[in-house]
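*Asks:* For the protein sequence lines, the chains are B and A, in the order given.
First residue of the first sequence: 1, per our numbering; consecutive thereafter.
First residue of the second sequence: 1001, per our numbering; consecutive thereafter.
Treat the hints as calculated values from the structure; they're not laboratory data.
If you're wondering where the values come from, they're calculated on a predicted model, not measured in any experiment.
Glycine included, every Cβ here is placed at the ideal spot set by N, Cα and C.
One should not assume that every hint holds.
Quick list of simulated restraints, FRET-style, between CB atoms [said to hold, decoys possible]:
| no. | chain 1 | residue 1 | chain 2 | residue 2 | range |
| --- | --- | --- | --- | --- | --- |
| 1 | B | G130 | A | T1259 | 30 to 40 angstroms |
| 2 | B | R194 | A | L1233 | 23 to 33 angstroms |
| 3 | A | G1224 | B | F165 | 24 to 34 angstroms |
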Amino acid sequence: MSLPARVATLIVAFLAVAAVVAFVVVKYFLTSSGPPVEDFTAHVTPDTGAAVNVVMQEAPQTTVTTDPDWVTYFIQNPQTHAWVHTTNFSVPAGSKINITIYGYDGCTPLRNQLWGQVTGTIGNSMTVNGKPTSLLNSWSECSVAHTFAIPSIGLNIPVASPTTFQANSNLCSTSPCTMSDPHTVVRFSFLSPRTVGAYFWQCKIPCGLGYLDGNGGPMQTIGYMTGNMQVAG
Amino acid sequence: MTASDQPGQAVRREPSHGLRMLLIWVPLSLAADLVIWFVWYPHLPPGRMTDVAAGQQFDLAVLAICGAPVILFIWIFGVYATIVWRRRPGDNDDGPPIRDNKRVSAAWIAVTTALVLGLFGFGTYQLIVPNGAGGGQGASPAWAPKKVDLQVQVIAQQWVFTYRYPQFGGFETPQLVLPEGSVIEFHVTSLDVIHSFWAYQLGVKADANPGVDNVAFAKPVQTGSVVVRCSELCGLWHGAMFDYGRVVSPAAFLKWAKTTEVQLASVTKILPPFALTYDPTAIKTLGPVLVKLGLTGAGGGFYGPQVPVQP
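So that you can see chain B by itself, here it is in the shape it has in the complex (with noise of 0.2 angstroms):
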């Protein structure tokens, strides 16, 4: 083979190669976005102490995925108030976020009784079913289903359960939950950082069903018990 000839094949086989290596870092890593952001820095000016409203649910199962058996958050749509499932959301720095989260699962006792108390909110409390709350003993009763926690910021809320035999032996089935079924309501707000970037939350229950001491599939996945608080300026 000439000179030209195997130059020629080496720049091929490299542009080959080159494109393959472009094709999966396209494919499985830029275009993999995972589950979407629901906006609320709409109409929001950051750094002026402005309000947000975040409304959630954590549900059971998650019967509109392939892992039903996985418990799970949904945010509601800001514009449309549908429920999206995802855990990921963008809210203006320096904002007071008010955020309230339907809970529908059963109760679980947690790992750690000091995640029974609330922390980082304003006035260090939340209100469960409308009555002021900061602390939740979910090892003497049944009373904590999962956590909703910020860590890098101190946020910590056990988030109340369903508290009868009756309720949490009738749980919702069907995700996303609907206000008929049986659920408490928790309400809370906090001061969102005056810097930008993104701020994970995760719930501190171990509840990955099936998982080895509960700590896999939806511990470890964005979308179900954790993600992102994205902080816009």
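Since the structure of chain B is already known, use the hints to place chain A on it.
*Replies:* Same frame as chain B, now just chain A:
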């Protein structure tokens, strides 16, 4: 055939290459070791915030001082050989045959053996004398200080460290605060998967295993900030599992501890009694609640080995 082998020409006397290299190597090694000791050593990780951190810094300095002459010897030999024994124009002969040199071989074996055994002895001594050198020693430490001033329990959980202070009512907090000048006994454990408590400036690194009490010691000798990281891949947000601790004066620590004990009194009441390890799957008070509610498995309890599907 070289020029010196030609009839009628004087035989060129081979210079003492060993002496030459020695004369280059000794001053360079001395200079390198002095630079390491006086310039690099004070800035080596992990600093001198605790006795064990200072010990680790000293260990690194000693290793660097021992290693620098060895590296320089190799480099000098390579450069010297490349320059002095390079092929010159007209020199088309083979080099002289290489024969065994017993003196060189013996010296090489003696020096490397002494170096390795010396570092072995030094490393062992440095591990034992500073009470484990900041490493986790398990539940029954082989090397412990005579007196411990403060016990701190490190509890790892996806994806946060919390700290219990049994000498102050057993309160638990996400803040790590330590007093300067006190011998600290860390009890490191986990509530879920395997983590690792790495307090960089303290020179402490101990695995956090569920159901295991891993003990490590350190004595802070400087005030300042401490970066704590998990150094065991522990799940989705492993990279975000870090916090910042503080070493403060004894008076400031006492004030903080007493204030925090009062502030957290209500949550301390519902914590399990202080223990060296915790089994969250065995909550004595919970059983009756679940039985009363008729709840099992996903409705209330932890997912233990009885759950059939395991990854």
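*Asks:* Indicate, hint by hint, whether the structure satisfies it.
*Replies:* So, going through the hints one by one against the coordinates:
1. B:G130 <-> A:T1259: 30 to 40 angstroms: holds (32 angstroms)
2. B:R194 <-> A:L1233: 23 to 33 angstroms: About 32 angstroms separates the Cβ atoms of R194 of chain B and L1233 of chain A, which means 23 to 33 angstroms holds.
3. A:G1224 <-> B:F165: 24 to 34 angstroms: violated (54 angstroms)
Hint compliance for this structure: hint 3 is the single one not met.
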